[in-house]
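Trainee: Protein chains in written order, with my numbering: chain A, 446 to 613; chain B, 4 to 172.
For the record, the hints were derived by calculation from the structure and aren't laboratory data. Take these hints with a grain of salt, some might be off.
[What the hints assert, rightly or not] Residues from chain A that face chain B, not an exhaustive set, calculated with beta carbons under 8 Å:
1. Gly459
2. Thr501
3. Gly504
4. Phe506
5. Val513
6. Leu545
7. Arg547
8. Lys572
9. Thr589
10. Met599
11. Val600
12. Thr602
13. Ile604
[Unchecked claim] Derived CB-CB ranges, DEER-like:
14. A:Pro540 with B:Ile113: 44 to 52 Å
15. B:Leu47 with A:Gly495: 18 to 26 Å
16. A:Leu576 with B:Val125: 34 to 42 Å
17. A:Glu543 with B:Leu58: 31 to 39 Å
18. B:Gly40 with A:Lys572: 47 to 55 Å
19. B:Val125 with A:Val455: 25 to 33 Å
20. B:Gly40 with A:Ser558: 47 to 55 Å
Glycine included, each C-beta is placed from N, C-alpha and C at the ideal position.
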Amino acid sequence: MNKKYLPALVSGFGAAVLTTIPGVDSVACCLLVPFASGASIYLYKKSQTGLLKIETKTGIFLGFLTAVFAAIFASSFELIITYLTNSSDLVVSLPQAEQLVRDMNLGQDAEESLKIMRQMVLDIQTKGFSLLYSVLITLLNLITYSIFGIVGGMVATAIINKRNINSV
Amino acid sequence: MILSGINNFSSKTNSENFTLLCSKIVLLTILAIWILGFLKPIILFQNNILTDYFLGIIYSKVCHQVDFKCITIEHESMLVCARCAGIYSGVFISVIFMLFRKVSKLNVNIFIVASIPLVADVFLTNLNVYNYSHPLAFITGLVFGGMLCLFFLSELENLFLNKSINRNE
């Protein structure tokens, strides 16, 4: 495998594993993903002997790639847990959403959205899997993780490069 | 010929500077929207259940939102904890300060020094050495966020500077 992808894959997988810990998932994208991006850049630097300075573009790319791997693995883990437990965050938050629509009297469109949500919850509770839910979870993770992955990649590149300059 | 080369180089550098400034302004705008989002319950006292619900979901992705750790004004809480609010505010202030300036010299040691208070505060409050304090969490977050942003901005500048150098080569 390309030496660029392996650090991203390892770090992304590590971050995804940590997101399964209850409580840690809420800081997954602001803490875990940037750290994973940093770890990926550090590993990449270690794997490239003689490389003095990491280019910003490479840092951004590695951060993004780590975030993508983390999002894919984290979504997969969440879907496996949903399949095994027949429950998810959506199942828990559905009554709240129903209450909201009733209180706000949001009309036909909101009722239609609720119908889709109820179908997703029903699929999860009966089969343990909902295609729409899976797509939504994966997309949401991909978007949020990517943003923080790129930011983490840039900061980590700056720190690692500055450290090298100081040590030379 | 040399003069035209110099002029060409300076006009390209000006254009890169302008792009850098534009990207900083875009960053500042996004940050302002993000900060207004988590301040929404405090600055707008009108309760809109729908926006509160969706904003709550969005910010739950980036913060634990533990009630007693969120800054509360007149019974309304921010959507992120005091530390996160400090970090985002630090980043925002840093971008404003560096809008027309360039990050000159940065040392990793400065980053380590800036993160020590935050890490120490997290550990000490979790070990119950002292109670969670909103001002302390906010200030440690502010210092850390500001420093973190300087490293981000320095890399952003490198990105545009390298582009300019590569084009001139």
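Trainee: Look at each hint and say if it fits the structure.
Mentor: Taking the hints in turn, this is what the structure says about them:
| no. | hint | verdict |
| --- | --- | --- |
| 1 | Gly459 | violated (19 Å) |
| 2 | Thr501 | holds (4 Å) |
| 3 | Gly504 | holds (7 Å) |
| 4 | Phe506 | violated (12 Å) |
| 5 | Val513 | violated (17 Å) |
| 6 | Leu545 | holds (5 Å) |
| 7 | Arg547 | violated (10 Å) |
| 8 | Lys572 | violated (25 Å) |
| 9 | Thr589 | holds (5 Å) |
| 10 | Met599 | holds (4 Å) |
| 11 | Val600 | holds (5 Å) |
| 12 | Thr602 | holds (6 Å) |
| 13 | Ile604 | holds (6 Å) |
| 14 | A:Pro540 with B:Ile113: 44 to 52 Å | holds (49 Å) |
| 15 | B:Leu47 with A:Gly495: 18 to 26 Å | violated (56 Å) |
| 16 | A:Leu576 with B:Val125: 34 to 42 Å | holds (40 Å) |
| 17 | A:Glu543 with B:Leu58: 31 to 39 Å | violated (19 Å) |
| 18 | B:Gly40 with A:Lys572: 47 to 55 Å | violated (36 Å) |
| 19 | B:Val125 with A:Val455: 25 to 33 Å | holds (26 Å) |
| 20 | B:Gly40 with A:Ser558: 47 to 55 Å | violated (22 Å) |
Hints 1, 4, 5, 7, 8, 15, 17, 18, 20 from the earlier list are contradicted by this structure; the remaining hints agree with it.
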